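J.: Listed below are the residues making up each chain.
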Amino acid sequence: MSEVGVHDRTKEAFQDLAVAELPALYSLARRLVPDGAEDLVQETMIRAFRSFQTLNEDGAGGRWLKSILVNVFRDQLRKRTRSVDEVLVDEVEGISLYRILVDVDPLPYSDTLHVDFLRAFGQEDVREVLMRLPEIYRAPLVLRYMEGFSTKEIAHMLEMPLGTILARLHRGRKRFEAELWAYAEETDLLLKEARR
Amino acid sequence: MTEAQSSTITCSEAVRQLWDYLDHAISAEDQALVEQHLSFCRSCCGELEFAKELREFLASGDSREIPPDVQARLERFVQEL
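Chain order of the listed sequences is A and B. The working numbering puts the first residue of the first sequence at 1, with every later residue one more than the last. The working numbering puts the first residue of the second sequence at 1001, with every later residue one more than the last.
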């Protein structure tokens, strides 16, 4: 990864940083939105270029660009969704994928059922499952567990109270577990895994 | 027994807190209650191991791949700024 020097805020320095970070930014964008990842990255570049002078931490360029991308995503989300589609707590609260797998035992010849279940998912399968989640749950999940941002950082980027982020992470995890199972059933993913 | 004296939580309460427990996002008191529950509950230990697997599974789902045509278009866009 190329990082800019402390005082190097030229257009060329921005372009070097931006080009080096394109794969990571595009990857993040694809996990946040079902369509329009490229547009999201472009809008991020415009906004980041305008505020490049404010980047004051040496070596933090990649993280800085990601936080701008999340800000752009947040603003787009606000325009798109007037009402928030919160999932009723009871709908997901009791879900345990661990228990479902124990009870159903979909891979009866496996000694490592839970690991083998997860191993059946390719990266595109994971993206498909993520896209089944409402955006309000998907974004905190991606940012916390795939990108490694702290819950405080996520609350700051999405401009939400920490308690809201923690609640959405909890529901998002449960919803993610439920959707992993539903996706595996609908796509016969486990039949393919069992034949391996 | 008063509530303050009780040091046991239910399985559903323990499971509800497992990810926050792994994130160290709960109080030291709750952390101790989860650990106390895990010390005798085999089923919840299984839930804990699976929560760890699921976290690793999510963390490894980041491919950092970008199709060459998209990379080329975005590079051109950056050069035009």
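Everything labelled a hint here was simulated from the structure, so no lab data went into it. Be careful, since some hints might not be right.
[As the list claims (entries may be wrong)] One-sided excerpt, in silico: chain A residues whose CB lies under 8 Å from chain B:
| # | residue |
| --- | --- |
| 1 | A24 |
| 2 | V92 |
| 3 | M160 |
| 4 | T164 |
| 5 | Y183 |
[Unchecked claim] Some chain B residues close to chain A (C-beta under 8 Å, calculated; not the full set):
| # | residue |
| --- | --- |
| 6 | I1009 |
| 7 | Y1021 |
| 8 | A1025 |
| 9 | E1029 |
| 10 | E1053 |
| 11 | R1055 |
| 12 | F1057 |
| 13 | R1064 |
| 14 | Q1071 |
| 15 | L1074 |
| 16 | Q1079 |
| 17 | L1081 |
All values reported here derive from a predicted model rather than from experimental measurement. By construction, the Cβ of each residue, glycine as well, lies at the ideal position given by its N, Cα and C atoms.
J.: All hints, please: hold or fail.
T.: Evaluated hints:
With a least beta-carbon distance of about 6 Å to chain B, the hint placing A24(A) at the interface is held under the 8 Å criterion. Interface hint at V92(A): violated, since its Cβ lies 11 Å from the closest Cβ of chain B, which is beyond the 8 Å cut-off. Below 8 Å, beta-carbon pairs count as interface contacts, and M160(A) has none with chain B, the closest being about 16 Å; its hint is therefore violated. Proximity of T164(A) to chain B is violated relative to the hint, the smallest CB-CB distance being about 14 Å (cut-off 8 Å).
With a cut of 8 Å, the hint placing Y183(A) at the interface with chain B is violated, because the nearest CB-to-CB distance is about 13 Å. Of the supplied interface hints, the one on I1009(B) is violated, with its beta-carbon coming no nearer than about 16 Å to a beta-carbon of chain A, more than 8 Å. Because the beta carbon of Y1021(B) sits about 12 Å from the nearest beta carbon in chain A, more than 8 Å, this interface hint is broken. A hinted interface residue such as A1025(B) counts as satisfied when its beta carbon comes closer than 8 Å to some beta carbon of chain A; here the least separation is about 7 Å, so the hint holds.
A hinted interface residue such as E1029(B) counts as satisfied when its beta carbon comes closer than 8 Å to some beta carbon of chain A; here the least separation is about 17 Å, so the hint is violated. Taken as an interface hint, E1053(B) checks out: its beta carbon lies about 6 Å from the nearest beta carbon of chain A, inside 8 Å. Given the 8 Å rule on beta carbons, the hint for R1055(B) holds: about 6 Å separates it from the nearest Cβ of chain A. Here the hint on F1057(B) is kept, as its CB sits about 5 Å from the closest CB of chain A, short of 8 Å.
Checking R1064(B) against chain A by beta carbon gives a least distance of about 5 Å; that is within 8 Å, so the hint holds. Look at Q1071(B): its Cβ gets to within about 6 Å of chain A, closer than 8 Å, so that hint holds up. A cut of 8 Å between beta carbons decides the hint on L1074(B): the least distance to chain A is about 5 Å, and the hint holds. The beta carbon of Q1079(B) comes within 6 Å of a beta carbon in chain A, closer than 8 Å, and the hint placing it at the interface holds.
At its closest, the beta carbon of L1081(B) sits 5 Å from a beta carbon of chain A; the interface hint therefore holds under the 8 Å criterion.
Hints 2, 3, 4, 5, 6, 7 and 9, counting from the list given before, are not met by this structure.
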